Amino acid sequence: MRDATYSALVFLSRDRYSTPVRVRMTDILMRELGGASYEYSTQSGESPLARLEFLIRVDDHTAVEDLPLDRLADLEAKVIEAARSWDDDLADALRDHDLDAQKNIARIADSMPRDIGRRTS
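Going by our numbering, the sequence shown opens with residue 1092, and the numbers climb by one from there.
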């Protein structure tokens, strides 16, 4: 039996790219596409964007020729979520509060250790 391969290109800002982000994206793609194995390559240079290319191999009998648009949109949303930081989530939460509450929450967040997001994610 031969394998089928999905290819995914992800562009994200260079400062967002890290090994943990790539691993989360890989895990999502493998799980959602039913991957049996994968390869990836990364390009990051003077451009403000880093480029990740994933090749996800699946058994031929589990491959879908074209992913339905709703499934593709869901997969895209999950990959985008993988690159979000604790600071992004905090900023979104602050938008739901009035300006005084935003300032108080931001002040508390600023007093926390910088790696709090990594420890709670």
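Note that these hints are calculated values from the structure, not bench results.
Predicted, not measured: the structure shown is a model, and the values here were computed from it.
Incorrect hints may appear among the rest.
Unchecked claim - Ranges between beta-carbon positions, derived for each pair: (1) Lys1169 / Asp1094: 39 to 49 Å; (2) Ser1135 / Arg1175: 10 to 20 Å; (3) Pro1204 / Leu1100: 26 to 36 Å.
Just so it is clear, CB atoms sit at the ideal spot from N, CA and C, and this is done for glycine as well.
Each hint tested on the structure:
1. Lys1169 / Asp1094: 39 to 49 Å: 23 Å, violated
2. Ser1135 / Arg1175: 10 to 20 Å: 19 Å, holds
3. Pro1204 / Leu1100: 26 to 36 Å: Between Pro1204 and Leu1100, where Cβ atoms are some 35 Å apart, the hint holds.
The structure shown violates just one earlier hint, number 1.
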